[in-house]
Amino acid sequence: MSAKIRLQRHGKKGQPFYHIVVADSRAPRDGKFIEKIGTYNPIANPAQITIKFDRALYWYSVGAQPTDTARSLLSKTGVMMKYHLMRGVQKGALTEEQAEVKFQNWMKEKEAKVANAAKAIEEKTRGEKKTRLEAEKKVNEARAAELAKKRLAEMESQKAAEVVEQAEEAAPAAVEAPVEEAPTAEAETPAEA
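Position 135, counted from 1, in the sequence shown is what numbering that gives the first Met the number 0 calls 134; the numbers after and before it change by one each time, with no gaps.
It is worth saying that the hints were derived from the structure and are not from the lab.
Heads up, some of the hints might be wrong.
Here are the simulated lysine to aspartate or glutamate pairs, EDC-like style, with alpha carbons at most 20 Å apart [said to hold, decoys possible]:
hint : residue 1 : residue 2
1    : K12       : D23
2    : K109      : D53
3    : K3        : D23
4    : K109      : E121
Here are the in silico distance ranges between beta carbons for each label pair [said to hold, decoys possible]:
hint : residue 1 : residue 2 : range
5    : G13       : K148      : 45 to 53 Å
6    : E34       : K11       : 19 to 27 Å
7    : G10       : A144      : 29 to 37 Å
8    : R70       : E135      : 29 to 37 Å
Predicted model, so just to flag it, every value in this text is computed and none were measured.
C-beta: ideal position from N, C-alpha, C; glycine also.
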């Protein structure tokens, strides 16, 4: 039996979630497995990887072959680096202390890179949100200016209509008054003559 370290798909359509398992190479993808050694959530940004480090190192050291994706995940979490350093200790190239120091330094660098990547993603999303809000604010200001112009035009047309109404009210009185005065003036004129 050859053991494989591989992903077992869970989750729902469009939102995958994986269990990292050690399984017989002949078993189906989502079928029977020997041991679950971690999880992988690719939807999160950055992706969330949790692995039982000791168990993953044990299975890799006894010959379980990881798939390409599983190898990448093991590499990102440091299992491959630890195995590489352990092989160096076995061959006599390093001492245990040197290997542990190298591994700790590598892990610190890796954590710093992940933290910087997460910070960059957060700043990018914050910047995108800020530009989106500024653009929305400009659109809202333009709409408010257009509404103000329309209201001003409506008010001016209402004032003009009121002026015309007042002029019409005053004009008929002025037109009617001279008509009434004219006959009286004519009546007075013959009497004087």
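Can you give the numbers of the hints that this structure goes against, from lowest to highest? 1, 7, 8
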